[in-house]
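K.L.:
Since the structure of chain X is provided, determine the placement of chain A on it from the hints.
Protein chains in written order, with our numbering: chain X, 1 to 471; chain A, 1 to 471.
The hints are simulated quantities; they were obtained by calculation from the structure and are not laboratory data. There's no promise every hint is true.
Note that the list lumps identical chains together, so a pair holds whenever it fits in one copy or between two copies.
[As the list claims (entries may be wrong)] The calculated BS3-like cross-link candidates involving lysine-lysine, where the alpha carbons are at most 25 Å apart (straight line), are: (1) LYS49 / LYS134; (2) LYS219 / LYS194; (3) LYS194 / LYS93; (4) LYS458 / LYS49; (5) LYS103 / LYS371; (6) LYS296 / LYS277; (7) LYS460 / LYS161; (8) LYS35 / LYS103; (9) LYS371 / LYS137; (10) LYS335 / LYS137; (11) LYS460 / LYS103; (12) LYS134 / LYS396; (13) LYS63 / LYS137; (14) LYS335 / LYS93; (15) LYS93 / LYS246; (16) LYS103 / LYS278; (17) LYS49 / LYS63; (18) LYS246 / LYS194; (19) LYS106 / LYS137; (20) LYS103 / LYS396; (21) LYS35 / LYS137; (22) LYS278 / LYS442; (23) LYS278 / LYS93; (24) LYS296 / LYS63; (25) LYS335 / LYS106; (26) LYS134 / LYS106.
Computed from a predicted structure; not experimentally measured.
There are 2 protein chains.
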Amino acid sequence: MSLHKSRYHEVAAEIQLQIEQRIWLPGDRIPSIRKMSQIQHISPMTVLKAYELLESEGWVYAKIRSGYFVSAHLNRLAIPKQTTPQMINRAIKINEHVFDVLKSCKRPDIVPFGSAFPDPSLFPLRQLGLALAKTIKTMPVQSAVTELPPGSIALRRAIAKRYIRDGIDVSIDDIVITSGAMESLGLSLMAVTKPGDTVAIESPAFYGVLQTVERLQLKAVEVATDPQLGMSVDALMAVVERHDIKACWLMSKFQNPLGALMSEENKLAIRDILVEKKIPLLEDDVYSELYFSEQKPKPIKAYDEQGLVLHCSSFSKCLAPGFRVGWVVAGRYAKQVEQLQLMTTLSAAVPNQLALAQFVLHGNYDVHLRKLRRLLAGRQQQMQNAIELYFPSETKITRPEGGYFLWLELPAHINTANLLQVLLDEHNISIAPGTLFASDNKYQNCMRINCSYAWTDKTKRALITLARCIH
Amino acid sequence: MSLHKSRYHEVAAEIQLQIEQRIWLPGDRIPSIRKMSQIQHISPMTVLKAYELLESEGWVYAKIRSGYFVSAHLNRLAIPKQTTPQMINRAIKINEHVFDVLKSCKRPDIVPFGSAFPDPSLFPLRQLGLALAKTIKTMPVQSAVTELPPGSIALRRAIAKRYIRDGIDVSIDDIVITSGAMESLGLSLMAVTKPGDTVAIESPAFYGVLQTVERLQLKAVEVATDPQLGMSVDALMAVVERHDIKACWLMSKFQNPLGALMSEENKLAIRDILVEKKIPLLEDDVYSELYFSEQKPKPIKAYDEQGLVLHCSSFSKCLAPGFRVGWVVAGRYAKQVEQLQLMTTLSAAVPNQLALAQFVLHGNYDVHLRKLRRLLAGRQQQMQNAIELYFPSETKITRPEGGYFLWLELPAHINTANLLQVLLDEHNISIAPGTLFASDNKYQNCMRINCSYAWTDKTKRALITLARCIH
Chain X
1 MSLHKSRYHE VAAEIQLQIE QRIWLPGDRI PSIRKMSQIQ HISPMTVLKA YELLESEGWV
61 YAKIRSGYFV SAHLNRLAIP KQTTPQMINR AIKINEHVFD VLKSCKRPDI VPFGSAFPDP
121 SLFPLRQLGL ALAKTIKTMP VQSAVTELPP GSIALRRAIA KRYIRDGIDV SIDDIVITSG
181 AMESLGLSLM AVTKPGDTVA IESPAFYGVL QTVERLQLKA VEVATDPQLG MSVDALMAVV
241 ERHDIKACWL MSKFQNPLGA LMSEENKLAI RDILVEKKIP LLEDDVYSEL YFSEQKPKPI
301 KAYDEQGLVL HCSSFSKCLA PGFRVGWVVA GRYAKQVEQL QLMTTLSAAV PNQLALAQFV
361 LHGNYDVHLR KLRRLLAGRQ QQMQNAIELY FPSETKITRP EGGYFLWLEL PAHINTANLL
421 QVLLDEHNIS IAPGTLFASD NKYQNCMRIN CSYAWTDKTK RALITLARCI H
Chain A
1 MSLHKSRYHE VAAEIQLQIE QRIWLPGDRI PSIRKMSQIQ HISPMTVLKA YELLESEGWV
61 YAKIRSGYFV SAHLNRLAIP KQTTPQMINR AIKINEHVFD VLKSCKRPDI VPFGSAFPDP
121 SLFPLRQLGL ALAKTIKTMP VQSAVTELPP GSIALRRAIA KRYIRDGIDV SIDDIVITSG
181 AMESLGLSLM AVTKPGDTVA IESPAFYGVL QTVERLQLKA VEVATDPQLG MSVDALMAVV
241 ERHDIKACWL MSKFQNPLGA LMSEENKLAI RDILVEKKIP LLEDDVYSEL YFSEQKPKPI
301 KAYDEQGLVL HCSSFSKCLA PGFRVGWVVA GRYAKQVEQL QLMTTLSAAV PNQLALAQFV
361 LHGNYDVHLR KLRRLLAGRQ QQMQNAIELY FPSETKITRP EGGYFLWLEL PAHINTANLL
421 QVLLDEHNIS IAPGTLFASD NKYQNCMRIN CSYAWTDKTK RALITLARCI H
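With the rest of the complex left out, here is chain X (with noise of 0.2 Å):
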């Protein structure tokens, strides 16, 4: 039952799309629940109910005797512009500070607010040790060395049927499994370049980008990004015009950290770029599950003729954090990623490739998908009501439609690299300061923020104390 809407919860869904839509205003009263229960022929305990989930995540507040009120803060604060990085050509230093971040994150006490991962609680983790319980008893024992890379046959027939329900023509051999997306995404660009080369990377982007990049001694161009939109069509285009770039990596969908969805026109556009001057295009799509939307939105591999892309994902953000599967449908490179990677780990852990292929064949994956999208959307939701009520009234926010993070740009003065260290010494809070998703020091006033637990009072006051240590 918990795994369908009930209708509360399409009323209240309802109601919150009118106030979305600047229907009813902040400050409006919205209709007594006698009134909206004629009109909608349900019983005053299901408008009830449906008032008291808006009120819960702050799209309303109650006044006693007079009713419900559209919040006054919604959608208060503005949306971040367009990055402005300076877009030269140059070798990357990752800041150090990522790994004391994901260290803080690990500790027990901590409200996860830097954190990378989504709320582990999300996943089916008994389910997934059935199944692998399962596996090994039926399993070959030849399997250990059967299912060597390119990996399990069973899990890339799963994943290539996925692709092919989303509308993307994609074969069993173009897959290669690996140990989680970071591996798919190392090796891929270990595939397209070597040591020198320049590669053209978000800004701001993954810190794993950074990290991969400066590994492998390429330089990188970071091309200005929009909050909404992505990676910069023009910017992009001037900078494969101006520089020799050998690969470009970007995320479509979920950009992390900005949360970014690209226009279908957009990724249309970022295609023909590549295209025109031969450039591989590592598309990191590792959110792609995690969309609000009732339509799942389109990778640029979808458009890809030629095989230029290599779409990489896992199962780590969306069905089985810590199994570290993940995979590259690498295109025209499926070989060198194939070779590189019994080089390099040889392959993904074998049970666990099996048990996932079971799980996503046999399981209930989609019903899970469905729940999980549900609850990150709602979560989502109700963090960016908390900050639009507590933080000051410059902060700039994203609005992403999928994926678990927000990014917010704070007033000028404020270095969120310091105010982690505040919050970790004195408030068992982390943040993931800006500073992480670029080289030089950029993004000193932004954050990411994780919103994948749930809205907990634990949560809210941490919300609070933060906001509290940037005023």
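P.N.:
Showing chain A alone in chain X's frame:
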């Protein structure tokens, strides 16, 4: 019961030892069943079983009505001499053939003499499956995050305990868990070198070394290596005097492919050379548990007082193939290795780490290992005896005291890469040609044979076919 040697095993082992010590020479008649039964105060049936075991392993043969005779062919073949690579500094280009060989060994119909992996049926997969299932049921949901590098504390504790039991002082913080030993070696080499640097390696060397050196754009000097004693101390001394060596990679125990076991004297001498020149040592010790002697040989790491040795190993060859869990005791480089892992695969699979910790601490790990060693020792002996019997007398063969590989030097005109082609095409047999183990087509007349599989009629027929093709 099957876990303990029975009396007839002991009798057989005793006679085998006498044959090895040349108390009984080829052609000699060993005592009759009745006589031996009197000497040893055991039943004639026990003696018969012992003699049958010796016969099945090729030590003796029966002549009807005459008794049992020591096989004429034993130790007929010489051991290969120390190798003589050019020891020049150069870029490494791996033999693409490696990928074909590894692929061919995946075919279920093949007799996998070329395989790099031990027979998977040697491992307690069902017990591991139970450990895995149990682990997942009780695993805290946060584990996916908290077990990030350096890895599960439970597993690192289990590993540290075993080092300490072996008399090697290792703390939990020195250990980084990786996705198999291949990753621990790759990350270790990355931690201590940069592109263009030169490393000293064995000749012949495990092809994974050559691949990693190539992938990291390093150069290598291949150092003369003895089939019995491993890397030559004198040769290494000359090499470090002549070249600017930034790291040395070797296997002190059951070297792949030679099976060499370094003497304690040589281990100390090599340590001294490296300490003198401050050269970090990557000690690949994946076969450390697969010794045939009573005492477990120590690695060079045991003599490492300066933290210069990065000791890499895994569970893939001794307990859990396909789990992809290895580690490195990284000494003074632990922090760098840990950070590199965060950038490449993030972490080994979490449930697998926890299940292994469980099994190593509370399972019958040592019982399993004892049984495994006995089986491997017997299978190697059987394979050696058969090769002695069927192969040309100019063949040279190693006699390793551990692991599961034999290295054969065939008459000079034989090209084992061509031989492999014939074997694959016409006979469904694989071998690992010698050229896989060096960078310049050396060892064309050599091959590595996997002797971890049970000695069946099929195996025997395959070996005879192989011998016939060589003749």
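K.L.:
My question is about LYS296 and LYS63: at a cut-off of 25 Å on alpha-carbon distance, are they close within one copy, between copies, both, or neither?
P.N.:
neither (39 Å within a copy, 77 Å between copies)
K.L.:
For LYS103 vs LYS396, is the C-alpha pair at or below 25 Å within one copy, between two copies, both, or neither?
P.N.:
neither (28 Å within a copy, 54 Å between copies)
K.L.:
Using 25 Å as the alpha-carbon threshold, which applies to LYS103 and LYS278: within, between, both, or neither?
P.N.:
neither (40 Å within a copy, 31 Å between copies)
K.L.:
Pop the pair LYS335 and LYS106 into one bin, within, between, both or neither, using alpha-carbon distances up to 25 Å.
P.N.:
between (37 Å within a copy, 17 Å between copies)
K.L.:
Given a CA cutoff of 25 Å, do LYS219 and LYS194 count as a within-copy pair, a between-copy pair, both, or neither?
P.N.:
Close inside one copy (10 Å) and across copies (16 Å); limit 25 Å.
K.L.:
Using 25 Å as the alpha-carbon threshold, which applies to LYS335 and LYS137: within, between, both, or neither?
P.N.:
neither (32 Å within a copy, 38 Å between copies)
K.L.:
Checking an output row: LYS49 and LYS63, CA cutoff 25 Å. Within, between, both or neither?
P.N.:
within (16 Å within a copy, 93 Å between copies)
K.L.:
Taking 25 Å as the upper bound on the Cα-Cα distance, should LYS93 and LYS246 be classified as within, between, both, or neither?
P.N.:
both (19 Å within a copy, 23 Å between copies)
K.L.:
Given identical chains, is LYS103 near LYS371, meaning Cα to Cα at most 25 Å, within a copy, between copies, both, or neither?
P.N.:
Classified as neither; 30 Å inside a copy, 41 Å across copies.
K.L.:
How do LYS460 and LYS161 come out at 25 Å by Cα distance, when the copy is not named: within, between, both, or neither?
P.N.:
Neither. Shortest intra-copy (41 Å) and inter-copy (43 Å) distances fail the 25 Å Cα cut-off.
K.L.:
Quick one: LYS63 to LYS137, C-alpha cut-off 25 Å, is that within a copy, between copies, both, or neither?
P.N.:
neither (60 Å within a copy, 46 Å between copies)
K.L.:
Quick one: LYS335 to LYS93, C-alpha cut-off 25 Å, is that within a copy, between copies, both, or neither?
P.N.:
between (30 Å within a copy, 17 Å between copies)
Comparing the model with each numbered hint stated earlier shows that hints 1, 5, 6, 7, 8, 10, 12, 13, 16, 20, 21, 22, 23 and 24 do not hold.
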